Amino acid sequence: MRDVAVVSFAQSPCQAANRRDDMADILLPVIREAVYAAGIGRDDVDFVVSGSHDFYEGRTFSYIESLDAVGAWPPISESHVESDAAWALAEAWSWLQLGEGDIALVYGIGRGSLPADLDQVVPAQLDPYFLAPLAPHRDAIAGLQAHAAIEAGLTSEQGMAEVVVRCLDAATGNPLAQRSGQVDVAQLLDAPYVSSPLREHDVAPIGDAAAVVVLAADDAARRLAERPAWVRGLDHRMDTHYPGVRDLTTSPSTRRAIGRAAELAGFTTSDVDIAELHTEYSHQEAILTNALELNGAVVNPSGGPLAGRPVTATGLIRIGEAARQIRDGNADRALAHATSGQALQQNLVCLLEGDG
Amino acid sequence: MSRRVAVTGVGQSKQAKRREVSIGAMVREAVTAAMADAELTFADIDAVVLSKTPDLFDGVMNPELYLADAMGAVGLPVTRVFTGGSVGGHAAIFGAHLVQAGLAERVLVVAYSKESEGNFTWALSRGLPFSAPLGAGAGGHFAPVIREYIRRSGAPEHIGWQVAVNHRLNAVRNPYAHVHRPDITVEEVRDSRMLWDPIRYLESCPSSDGSCAIVVTGEEHAGHTPRPPAWIHGMAWRTETGHFAGRDEVNPVAGQQCAADAYRQAGIDDPAAQVDVAELYIPYSWYEPIWLENIGLAEVGGSWKLVEDGRTMFDGALPVNPSGGVLSGNPTGATGLLRFAEAALQVRGLAGEHQVDARRAIGHAMGGASQFHALWVVGSEKPEAA
Amino acid sequence: MTEPITTMPSPFRMDYTYVAGTGRSVFLRGLAERKLMARRCAGCEQVYLPPPEFCSRCLRELEPPFELDGRGVVSTFCVVSFPFPGQRIDPPYVVAYIQPHGAGTRLMHLVREVEPEDVHIGMAVEPVWVSDDELDTSLLSIRHFRPVHNGGADA
Amino acid sequence: MTADSLSAAYTVEFPFERTVGPKIGTFLGGLRDGRLYGAQTERGVLCPPLEFEPETGAETGELVPVADTGTVTSWTWVPSRPGDPVPHDFAWALIAIDGTIGALFHVVDVDGDSARMATGMRVRARWRAERVGQLSDIECFEVAP
Numbered sequence: 010m011r012d013v014a015v016v017s018f019a020q021s022p023c024q025a026a027n028r029r030d031d032m033a034d035i036l037l038p039v040i041r042e043a044v045y046a047a048g049i050g051r052d053d054v055d056f057v058v059s060g061s062h063d064f065y066e067g068r069t070f071s072y073i074e075s076l077d078a079v080g081a082w083p084p085i086s087e088s089h090v091e092s093d094a095a096w097a098l099a100e101a102w103s104w105l106q107l108g109e110g111d112i113a114l115v116y117g118i119g120r121g122s123l124p125a126d127l128d129q130v131v132p133a134q135l136d137p138y139f140l141a142p143l144a145p146h147r148d149a150i151a152g153l154q155a156h157a158a159i160e161a162g163l164t165s166e167q168g169m170a171e172v173v174v175r176c177l178d179a180a181t182g183n184p185l186a187q188r189s190g191q192v193d194v195a196q197l198l199d200a201p202y203v204s205s206p207l208r209e210h211d212v213a214p215i216g217d218a219a220a221v222v223v224l225a226a227d228d229a230a231r232r233l234a235e236r237p238a239w240v241r242g243l244d245h246r247m248d249t250h251y252p253g254v255r256d257l258t259t260s261p262s263t264r265r266a267i268g269r270a271a272e273l274a275g276f277t278t279s280d281v282d283i284a285e286l287h288t289e290y291s292h293q294e295a296i297l298t299n300a301l302e303l304n305g306a307v308v309n310p311s312g313g314p315l316a317g318r319p320v321t322a323t324g325l326i327r328i329g330e331a332a333r334q335i336r337d338g339n340a341d342r343a344l345a346h347a348t349s350g351q352a353l354q355q356n357l358v359c360l361l362e363g364d365g
Numbered sequence: 044m045s046r047r048v049a050v051t052g053v054g055q056s057k058q059a060k061r062r063e064v065s066i067g068a069m070v071r072e073a074v075t076a077a078m079a080d081a082e083l084t085f086a087d088i089d090a091v092v093l094s095k096t097p098d099l100f101d102g103v104m105n106p107e108l109y110l111a112d113a114m115g116a117v118g119l120p121v122t123r124v125f126t127g128g129s130v131g132g133h134a135a136i137f138g139a140h141l142v143q144a145g146l147a148e149r150v151l152v153v154a155y156s157k158e159s160e161g162n163f164t165w166a167l168s169r170g171l172p173f174s175a176p177l178g179a180g181a182g183g184h185f186a187p188v189i190r191e192y193i194r195r196s197g198a199p200e201h202i203g204w205q206v207a208v209n210h211r212l213n214a215v216r217n218p219y220a221h222v223h224r225p226d227i228t229v230e231e232v233r234d235s236r237m238l239w240d241p242i243r244y245l246e247s248c249p250s251s252d253g254s255c256a257i258v259v260t261g262e263e264h265a266g267h268t269p270r271p272p273a274w275i276h277g278m279a280w281r282t283e284t285g286h287f288a289g290r291d292e293v294n295p296v297a298g299q300q301c302a303a304d305a306y307r308q309a310g311i312d313d314p315a316a317q318v319d320v321a322e323l324y325i326p327y328s329w330y331e332p333i334w335l336e337n338i339g340l341a342e343v344g345g346s347w348k349l350v351e352d353g354r355t356m357f358d359g360a361l362p363v364n365p366s367g368g369v370l371s372g373n374p375t376g377a378t379g380l381l382r383f384a385e386a387a388l389q390v391r392g393l394a395g396e397h398q399v400d401a402r403r404a405i406g407h408a409m410g411g412a413s414q415f416h417a418l419w420v421v422g423s424e425k426p427e428a429a
Numbered sequence: 034m035t036e037p038i039t040t041m042p043s044p045f046r047m048d049y050t051y052v053a054g055t056g057r058s059v060f061l062r063g064l065a066e067r068k069l070m071a072r073r074c075a076g077c078e079q080v081y082l083p084p085p086e087f088c089s090r091c092l093r094e095l096e097p098p099f100e101l102d103g104r105g106v107v108s109t110f111c112v113v114s115f116p117f118p119g120q121r122i123d124p125p126y127v128v129a130y131i132q133p134h135g136a137g138t139r140l141m142h143l144v145r146e147v148e149p150e151d152v153h154i155g156m157a158v159e160p161v162w163v164s165d166d167e168l169d170t171s172l173l174s175i176r177h178f179r180p181v182h183n184g185g186a187d188a
Numbered sequence: 008m009t010a011d012s013l014s015a016a017y018t019v020e021f022p023f024e025r026t027v028g029p030k031i032g033t034f035l036g037g038l039r040d041g042r043l044y045g046a047q048t049e050r051g052v053l054c055p056p057l058e059f060e061p062e063t064g065a066e067t068g069e070l071v072p073v074a075d076t077g078t079v080t081s082w083t084w085v086p087s088r089p090g091d092p093v094p095h096d097f098a099w100a101l102i103a104i105d106g107t108i109g110a111l112f113h114v115v116d117v118d119g120d121s122a123r124m125a126t127g128m129r130v131r132a133r134w135r136a137e138r139v140g141q142l143s144d145i146e147c148f149e150v151a152p
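Chains as they are written, first to last, in our numbering: chain G, 10 to 365; chain H, 44 to 429; chain A, 34 to 188; chain W, 8 to 152.
Among the clues, some could well be false.
Claimed, not checked - Interface residues of chain G toward chain A, partial, derived using beta-carbon atoms under 10 Å:
hint	residue
1	28
2	66
3	67
4	76
5	82
Don't read these hints as lab results, they were simulated from the structure. These numbers were taken from a predicted model, which means no experiment stands behind them. Even for Gly, the Cβ is constructed at its ideal location relative to N, Cα and C.
Please model the entire structure based on the sequences and the hints provided.
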């Protein structure tokens, strides 16, 4: 295996609704910032890969517009995933293993504000025969999961609110967060349910942002970053789809992914200092903490998705944030997690490490 | 290449206007066939790659989630690739990369489209705010490019008709093809309805339901079945921006560079002489001469003479799309992978009635406004080690 | 035994907001004033019409907008010859890539006031704008392009 | 440069008509006939009759009639929206149909009183009088007497 590291990360502010910029205009400054921070030019990039989704953008082939921010001329080696850009990063990491190039640029752009009503969009992600025709509320599957998690004793409404309080407090240190502040548990628990036992604060606020990660291999990584965040292990796995045949209180795919990632990395989650988890709902922190066997790690020091969830960039931001903690010397080992689908159906984990 | 990689399983469904099955069941048809060909079970697979055209076309968002069971993908890494019409090629190459990089031993690459369910011509006809709905339609983008090619090359108009006939006659040999017209003639194509002048109805691809799957494995597992593998000799993808000043869409540089990179890996310096058969992404008949030039199988301006001389026919020196190609079946999400899979079938000697004499074959796919290009060279011989 | 159902209706409706972006908005607002606003890249000297915010080759912010008169030549074209949903006029009609003088990019638009068989690559054309009350932030503010008869030489 | 952008609302609509194949088609035909079906698997009868067994990916077997009663295994309380099956607040729930494995996702109606919802509660299907072969032929599940 080649040693591959995050050498640069940039992100635009998470906005509830950006009504000023098109896809390329949101993305381009972020690409510039990430490329500049790595001290490279566009021509130094050997491979570009991105993640976005037409259902959020509201039109087909939307990602083509984002390519204008990459400058695909002369022609580039390029690919795209129609899901969270963390999966694009996985593709970049795989590509760098081939040894055909040393530097890959990964971007994610998600504009969750463009759909006027996510209740119209989210059911399309469900089984088209047994689920989508019922048109469940956007948070309904997560609500079933939260309810099951509470009944299984994994968390409580109080515990979920405490997660939110901690994340929003942490987000006060993150200028790019969409939501942050000092709130108290009692105040949160006064709010009505949106899909019980979920209240509005339990649901990651959807919005718009772009994120860019530059990956580099071996000597290039050492050259481009003072303290590269080495990707020591990366894996992702899929669970079955229909919620009625899943144990919603566990995340077998996360468990499996971390097992494989730890095997590659040579260290486990008990060794990580911080973890950035793609928690689209507060109750998912408990499920993920169990599946990942996290103990002692600081979870979501950036505030995490509960402080801002730009769709399809959220998972990539977790990797960028985890890497930032290493690159800034705040952590020696870190974990990043990304998810796709309803109730944590598909999960990706990434173990990162700084030079000793 | 760092590790030799082979295709050991190929499966596809019947292509048709409307398949009376669920999406999952149609995907499973191809998956089952590919797994049976490779003589593997789901437990042997390390990763799954899914190729699919825009989700809005069939209204299932992130279909990899719903299809997890149909693809046997539970517990596995699943990557949903999307790069316009070239997506099937990109998916095949990414699957091969996973094996080549040593990250997987056996990868299942799956592709499908089931667009008969939604009237997307209607749905897309209304356009976005501030856009100018000119009424150009699906071919309105490609037809002007074809006109420009004809002007540059001076090709006579019957070239397009002849390609349409060649591919449809080839399709008669392919039971999976959507369009079967054994009696088609040049006159019939010529007299068929003009759609986007210079494109006539019979020079255009259909819209089909259908699926395709392949299994890609590392060298160590390539001898797992008595059927020979298709060795990947070279593979590449390239992208260029769709609209910038001075862009040449007739002969896009990205396509040239994509092919050149794959040939370099394959040790090919004279592709026209060293490639035996090509499965190219030809949605309108004139794209046969256009792509032949773009990927270096013919001299610029001269490829139409290969058509004229019958060299690209089934019995010709360089048969193009012996499967019948996109003109005979177009499940868009799977169309690119079908080209790659058909190339593999040819060098494995498993193409059945549409088998030609082939030791080395090209699979090719393109997407967007000829912006996305993917190509692989597969061969019956194990390639030299890197 | 139960007789199977063969199809199920599954209608989708999704409401969205389209954000044109600042760069594209300059162009669209110009159209509402009968102006074709272009922008040049200082890096590669190319002129974009319509202009994005940034050059997609150089990734530099484009220079301030300036007006082009819209005269140009037919770069290539097709003749839409059959009916399908979403058409605004009856076929046959010409859809062309038009290369405006002074721009490096092409515009797709209708070419009318000429028989389709008389349209040719390289034909000089000019925009025909809609009346004041029809002007809008859309390329449809140009009704179509037509051949230039007075002094516009073919390229 | 002007700093503000034009924006406008628009709608994407698709009139999908999905072909469903024999297994889902029979399930839907059963709903039209007022009868619920499950699919046989090695582990037991699965309801709803997913086409592929979630643990192994194997094709599931023949459809067999199952009861239209079951037990709620999880639920979430939501406000009613226009177009929802019942005109007041209700629960989306997973309902383990009697004699089957897994659970069916559907609506539970308790007359808008969330206090009546509980995991483990017994429910039965409330069938529409006019049935057409869609999931909505079951209007909802209601408390079993």
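Going through the hints against the structure:
1. 28: With a closest approach of 6 Å, the residue 28 of chain G hint holds.
2. 66: This interface hint holds because 8 Å falls under the 10 Å limit.
3. 67: 3 Å, holds
4. 76: Interface hint status for residue 76 of chain G: holds (8 Å vs cutoff 10 Å).
5. 82: 5 Å, holds
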